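Kindly produce the complete structure, drawing on both the sequences and the hints.
There are 2 protein chains.
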Amino acid sequence: MSDKSFNELLNWRYATKKMDPSKAVPQDKVDAIIEAVRMAPTSSGTQPFELIVVTNPEVRANIQKAASGQTPITDGSHLLVFAAWDNYTDARIDAVKQANINLRGDIPLIHQYYDNLKAGYVPRDAEINYAHAARQAYIALGFAMLAAAEQGVDCTPMEGFDPAKVDEILGLKEKGLRSVVLLPLGYRDEAGDWLLPMPKVRKSRETMVTFVE
Amino acid sequence: MSDKSFNELLNWRYATKKMDPSKAVPQDKVDAIIEAVRMAPTSSGTQPFELIVVTNPEVRANIQKAASGQTPITDGSHLLVFAAWDNYTDARIDAVKQANINLRGDIPLIHQYYDNLKAGYVPRDAEINYAHAARQAYIALGFAMLAAAEQGVDCTPMEGFDPAKVDEILGLKEKGLRSVVLLPLGYRDEAGDWLLPMPKVRKSRETMVTFVE
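From first to last, the protein sequence lines are chains A and B. FYI, in my numbering the residues of the first sequence are 1 to 213. FYI, in my numbering the residues of the second sequence are 1 to 213.
The hints are simulated quantities; they were obtained by calculation from the structure and are not laboratory data. Owing to the predicted nature of the structure, the values given are computational and were not obtained by experimental measurement. Treat each hint with caution, since some may be false.
Just so you know, same-sequence chains aren't split out, so a pair can sit in one copy or run between any two.
[What the hints assert, rightly or not] With a straight-line Cα cutoff of 27 Å, these simulated BS3-like cross-link-like pairs (lysine-lysine) come out: (1) Lys17 with Lys97; (2) Lys165 with Lys4; (3) Lys65 with Lys18; (4) Lys97 with Lys203; (5) Lys200 with Lys118; (6) Lys29 with Lys97; (7) Lys29 with Lys4.
Written as structure tokens, this is what we have:
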């Protein structure tokens, strides 16, 4: 693993505001971050999102325009777009069920579990289902940020963008997906990032944590 | 760090279905997991959630009743409850602004940033604000699960509970909080957990990831 402790990784990472456009993240490091996204746990194992990895400069420039011009999108080398399912459908949950059966065997409990899930999810409003799927993407976002830190790679989580425009740029609507959050990958510009020298602001443990003993 | 690689941690962890009630997680390991929650990044640094750490057996038994009797809640030694802000308010965002000023100085940009945030968030519907806060808690949930794995501690992320009942048991409503997700901590019962010997089911990289080059 990294020569940093887990605690050091928590402090080393920060939402990089200025990336060095001359440095690209090597493929093996990008792969390790993608693997963390793929392995992140999700509700009932549905993995209700996809990951779009954009390196194309023109596409990134277009996405940047839909994101208030935030520079890490183009100064970084890779842009991860987390895109959640726009709804839960029978077909999508059946595919999850089949993947379970393929690996674990045709167990009646698997059928029962996912048939119950379909009965619970599919009739719900699409917005509720999308919101649930988007939350799962945030678990994977957390995994991706820690995997990046472990690889010595910087990243910038971004909610500040126009999702409808990003969906259009990437053709997500046709795939039944909606963009949830962006994560450019790259390397910090140590001299140019105003945020880097600033102390990290976090609530105290006393403020944030209650013990019920 | 752990003697496991990051990739090994991703594979070692699983949603533990049966914990060994005879083994308690030591305080230093719980502290490391809490620290990961505290240091997790959130939108605009608001950290719009709190963490309730329940060890009290009676309280955990009551929560278990509101969670379909899931045994890790009482077989584990600690129950983490992620509780998000029920709304964004001027006072809450002002407290974040003040924490920034205390650490970074009284910079006009800080005022401007958080005043804009208040103007954008506070007039919105409380449900929209809660949903946004809950997403941030899921980043911290991801951080907590990886911190637990790094500590060799098992955990079980749980959405299957009655949030209104858990809010009542913990007195969250009075604090302007709503329970989002539960995470019991403990140690796997290697002989008793049906899920442990099962292969992990994840989508292939080809299914989940699209490259735009």
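These are the hints, each one checked on the structure:
| no. | hint | result |
| --- | --- | --- |
| 1 | Lys17 with Lys97 | between (41 Å within a copy, 19 Å between copies) |
| 2 | Lys165 with Lys4 | neither (39 Å within a copy, 41 Å between copies) |
| 3 | Lys65 with Lys18 | within (17 Å within a copy, 49 Å between copies) |
| 4 | Lys97 with Lys203 | between (41 Å within a copy, 12 Å between copies) |
| 5 | Lys200 with Lys118 | between (43 Å within a copy, 21 Å between copies) |
| 6 | Lys29 with Lys97 | neither (31 Å within a copy, 35 Å between copies) |
| 7 | Lys29 with Lys4 | both (16 Å within a copy, 18 Å between copies) |
Checked against the numbered hints given earlier, this structure breaks hints 2, 6; the rest are met.
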